[in-house]
Amino acid sequence: MTSASPAPSAGPGGVAKTPSPPGPPHSAPPTAGPPGTRSRAPARVRRGLLRALPVSPAVVLLALFLAGPIGYCAYIAFTDLQLTGQAESSFVGLDNFREAFGDERFLNAVWLTLVFTFLSSIIGQNTLGLALATLMQRASKPVRTLTGAIVVTAWVLPEVVAGFLLYAFFRREGTLNAVLDFLHLPSQNWLFTLPILAVSFANVWRGTAFSMLVYSAALNEIPKEITEAAEVDGAGGWRRMWHITLPMIRRSIGTNLMLNTLQTLSVFGLIWVMTRGGPGNDSQTLPLFMYEQAFQKSMIGYGTAVALLLLLVGSLFSVVYMRLLRTEV
Amino acid sequence: MPVRPTTTPLLLAATTLLAAGTLTACGGGSGDDPDTVKISFKQSTDNQIRVMDTYLEDIKKQFEKENPGKKVKLVPIKAPDSEYYTKLQQMLRSPKTAPDLVYEDTFLINSDITSGYLKPLDTYLAKWKDWDQFIGTAKTAAKAADGKTYGVPDGTDTRGLWFSKAIFKKAGLPADWRPKTWDDVLEAARTVKKKVPDVTPLNVYTGKPAGEAATMQGFEMLAYGTGKDPLYDPAAKKWVTGSKGFKDSLKFVETVYKEKLGPDVSDALDPNFATRVRGELLPEGKLAINLDGSWLPQDWGKGAGHEWPEWSQELGLAAMPTQHGQAPGKVSMSGGWTWAIPAKADNPDLAFKFIETMQTKANAKKWYIANSGIAVRKDVAADPTYVKAQPGIKFFTDLVASTYYRPAYPEYPKVSTAIQEAMESVTTGDSSVEDAANGYDEEVDSATDGQVIEK
Numbered sequence: 001m002t003s004a005s006p007a008p009s010a011g012p013g014g015v016a017k018t019p020s021p022p023g024p025p026h027s028a029p030p031t032a033g034p035p036g037t038r039s040r041a042p043a044r045v046r047r048g049l050l051r052a053l054p055v056s057p058a059v060v061l062l063a064l065f066l067a068g069p070i071g072y073c074a075y076i077a078f079t080d081l082q083l084t085g086q087a088e089s090s091f092v093g094l095d096n097f098r099e100a101f102g103d104e105r106f107l108n109a110v111w112l113t114l115v116f117t118f119l120s121s122i123i124g125q126n127t128l129g130l131a132l133a134t135l136m137q138r139a140s141k142p143v144r145t146l147t148g149a150i151v152v153t154a155w156v157l158p159e160v161v162a163g164f165l166l167y168a169f170f171r172r173e174g175t176l177n178a179v180l181d182f183l184h185l186p187s188q189n190w191l192f193t194l195p196i197l198a199v200s201f202a203n204v205w206r207g208t209a210f211s212m213l214v215y216s217a218a219l220n221e222i223p224k225e226i227t228e229a230a231e232v233d234g235a236g237g238w239r240r241m242w243h244i245t246l247p248m249i250r251r252s253i254g255t256n257l258m259l260n261t262l263q264t265l266s267v268f269g270l271i272w273v274m275t276r277g278g279p280g281n282d283s284q285t286l287p288l289f290m291y292e293q294a295f296q297k298s299m300i301g302y303g304t305a306v307a308l309l310l311l312l313v314g315s316l317f318s319v320v321y322m323r324l325l326r327t328e329v
Numbered sequence: 001m002p003v004r005p006t007t008t009p010l011l012l013a014a015t016t017l018l019a020a021g022t023l024t025a026c027g028g029g030s031g032d033d034p035d036t037v038k039i040s041f042k043q044s045t046d047n048q049i050r051v052m053d054t055y056l057e058d059i060k061k062q063f064e065k066e067n068p069g070k071k072v073k074l075v076p077i078k079a080p081d082s083e084y085y086t087k088l089q090q091m092l093r094s095p096k097t098a099p100d101l102v103y104e105d106t107f108l109i110n111s112d113i114t115s116g117y118l119k120p121l122d123t124y125l126a127k128w129k130d131w132d133q134f135i136g137t138a139k140t141a142a143k144a145a146d147g148k149t150y151g152v153p154d155g156t157d158t159r160g161l162w163f164s165k166a167i168f169k170k171a172g173l174p175a176d177w178r179p180k181t182w183d184d185v186l187e188a189a190r191t192v193k194k195k196v197p198d199v200t201p202l203n204v205y206t207g208k209p210a211g212e213a214a215t216m217q218g219f220e221m222l223a224y225g226t227g228k229d230p231l232y233d234p235a236a237k238k239w240v241t242g243s244k245g246f247k248d249s250l251k252f253v254e255t256v257y258k259e260k261l262g263p264d265v266s267d268a269l270d271p272n273f274a275t276r277v278r279g280e281l282l283p284e285g286k287l288a289i290n291l292d293g294s295w296l297p298q299d300w301g302k303g304a305g306h307e308w309p310e311w312s313q314e315l316g317l318a319a320m321p322t323q324h325g326q327a328p329g330k331v332s333m334s335g336g337w338t339w340a341i342p343a344k345a346d347n348p349d350l351a352f353k354f355i356e357t358m359q360t361k362a363n364a365k366k367w368y369i370a371n372s373g374i375a376v377r378k379d380v381a382a383d384p385t386y387v388k389a390q391p392g393i394k395f396f397t398d399l400v401a402s403t404y405y406r407p408a409y410p411e412y413p414k415v416s417t418a419i420q421e422a423m424e425s426v427t428t429g430d431s432s433v434e435d436a437a438n439g440y441d442e443e444v445d446s447a448t449d450g451q452v453i454e455k
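Respectively, the protein sequence lines represent chains A and B. The first sequence: position 110 = 110 (this note's numbering), numbered continuously. The second sequence: position 52 = 52 (this note's numbering), numbered continuously.
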């Protein structure tokens, strides 16, 4: 049981990965007679239940394969379970959490996770994605196709491959320094001097395509007449952006920010390949910290507690974005 | 409408179905057959590498022929190291899934012993005459804190100094270099730095990005040359803190990087540096001395990506000396794998019989040659066909006499990380040797729940 994944994927991909075992063969809903219309409260309840029937298998599966593991993780976070090296584990209450908050390396990881998320997701992917989408609206078709292809390629590359590419870009004999040398600018080992910036850039490089696609779709939804009317009224580019485009795609901004943030919070492979969290702990975000505790030091209980805290950070962000979405309606 | 009654059976049906599915998935092979011995081993994730599969198939045939009516079932686990441990540990938990014989890394065997996963083999070993052929240090590889032995090693690895003869010639250093003390090593590196300025004089793995390589190839190769039991005191069963040997070893690392005798710090802390050492720096003659393991030539063989068959002429080998040249003069660290019998195995007797078949002199020799391992048996180590199988093999086999196994007790991974952190902070110059050593002491004290002894 020890290998039960302690890191419930916070990204939107997690749901899709839920294994789908053979469903119950007779899952077709029994045809219900027309619900009684002369109904009092119980009849309404009954009708509600009846309607819930078709989705119940899905709910059961979700409960078993999604809520189950998360629940089990939540339980493990309160024990001192180890991968190996211990005859039996015991319940330790809040010890793991207390240890985390007293551990400066954990606090360092939280801080770096926030920096990483802020730089790469909120500022980088989001803004750049919007900028690209806006520019592409105006660009000619060949330019649009080409740019789109390049950006999307970065997105579909497996995380580890992207990690190696960017490692090769940033390392001391890498492409970036070659370019800087050519321009007679001082070069340095970016992965060593500015690791969190380097991995943030890597994440921007990799994830911008997603924002670009979301915003392209959103921008296409804006009726041409409104923009044209504003143009006729003499509104310049920035004004149109600020007063028309942004308010109209506000909902997309919220959704995009939420998805980006959740995905960025759980980035592991990219950083692992590029810096392994180093040098020192200078690029060790929460997922890397969690991995080190759970699998390198085999403290599954503690690692799981950290994963739960990561989940908490993710849900905090979600709540903020949900608010953002709601006020706008 | 009888809504409620319908929902409940539906839920029940779904749950039952799922439960049934899960159960059948788990309980695949029942291990009740007293004539079948089930063997789990690590299968390479590279489909082309079938060294172990081929070897075990061969032993299986021999075993089934010698023991009529008995069967061998090979249960390969195809996974990288870290996942292999996890899978194995899960299998060992239940009598339903526990095999009869498992392949265990010496790195984690003590953790699995503490978890109660393995069976002591002393009663078997006492009756097995081949056990006398195993070298003393290797016998301790799978010895637990309780003094019992839980595994039979099937080879090991050792570590030493690799040096470039061409660079040494340019620097005016001897081609048959034999450093006697740490100072000799540093002095040679200083000479290289002065006379051949465009190469890296000496590589010692360091820091967290290098991981266990920093601890074992780097730090422990130094620490075990400073005196007895530098990390763990087996008599007191406690981890050692505050030792002078520890600080001296850190001091060595600090000197290498402070005097710029080692690679550029940012290179040394690059997680992929070890690959570059083997693939670029050594073959291209950019590194003078490298403190590293016996397995390097695996990368330079035919079809291995960095073919470099001339390495045996271009590189020299020297044993890592002890600090001041104190007896026995040289030092090496060893790891490797062992065959162990799970506590929940159904047929332990038959499993041990299989070990005996694997470890006849002829079969052991076949295995060492096939996987370029270093022999831990005296008779194989002295065998000319083994010695001549590969250049360098004699050198590394001779080191087995002065080798040490890690104190790989359950806390070891945490201690190892603490060592890497201490190394890293003196490598970057972020803290003094004194501070780094104090940091280590605190870290070890908390990682081992205060099971420490001042030395």
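Hints are computed from structural coordinates only; laboratory data are not their basis. Treat the hints with care, as some may be off.
[To be verified] FRET-style restraints, in silico, Cβ to Cβ:
(1) Glu434/B with Leu107/A: 45 to 53 Å
(2) Phe91/A with Pro328/B: 48 to 56 Å
(3) Ala175/B with Val156/A: 48 to 56 Å
(4) Ala67/A with Asp130/B: 51 to 59 Å
(5) Ala67/A with Ser94/B: 55 to 63 Å
(6) Ala178/A with Gln298/B: 28 to 36 Å
(7) Lys388/B with Val161/A: 39 to 47 Å
(8) Val161/A with Gln298/B: 54 to 62 Å
(9) Ala168/A with Lys65/B: 47 to 55 Å
[As the list claims (entries may be wrong)] Chain A side only, calculated, beta carbon under 7 Å to chain B, not exhaustive:
(10) Ala87
(11) Asn189
(12) Phe192
(13) Arg276
Positions of the beta carbon are idealized from the N, C-alpha and C atoms, including for glycine.
For this session: Hint says 47 to 55 Å; check whether the CB-CB distance for Ala168/A and Lys65/B agrees.
Result: holds, 53 Å
Problem set entry | C-beta pair Ala67/A, Ser94/B: status relative to the range 55 to 63 Å that was hinted | Between Ala67/A and Ser94/B, where Cβ atoms are some 25 Å apart, the hint is violated.
Problem set entry | Hint check: 7 Å Cβ-Cβ cutoff, Phe192/A to chain B | Interface hint status for Phe192/A: holds (4 Å vs cutoff 7 Å).
Problem set entry | Val161/A and Lys388/B - C-beta distance against the hinted 39 to 47 Å | holds, 42 Å
Exercise. Do the Cβ positions of Glu434/B and Leu107/A conform to the proposed distance bound of 45 to 53 Å?
Worked result: The hint (45 to 53 Å, Cβ to Cβ) is violated, given that Glu434/B and Leu107/A are roughly 25 Å apart.
Exercise. Val161/A and Gln298/B, beta-carbon distance inside 54 to 62 Å?
Worked result: violated, 25 Å
For this session: Evaluate the given range 48 to 56 Å for the C-beta pair formed by Phe91/A and Pro328/B.
Result: holds, 49 Å
Problem set entry | Interface hint compliance - Asn189/A to chain B, C-beta minimum distance less than 7 Å | holds, 4 Å
For this session: With respect to the beta-carbon atoms only, verify the hint that Ala178/A and Gln298/B lie 28 to 36 Å apart.
Result: holds, 32 Å
For this session: Please verify that hint: Ala87/A, Cβ, nearest Cβ of chain B, below 7 Å or not.
Result: holds, 5 Å
Exercise. Lying within 48 to 56 Å: is that true of the beta-carbon distance Ala175/B to Val156/A?
Worked result: holds, 53 Å
Problem set entry | Range hint compliance [Cβ, Ala67/A to Asp130/B, 51 to 59 Å] | holds, 54 Å
Of the hints listed earlier, those the structure fails to meet are numbers 1, 5 and 8, in rising order.
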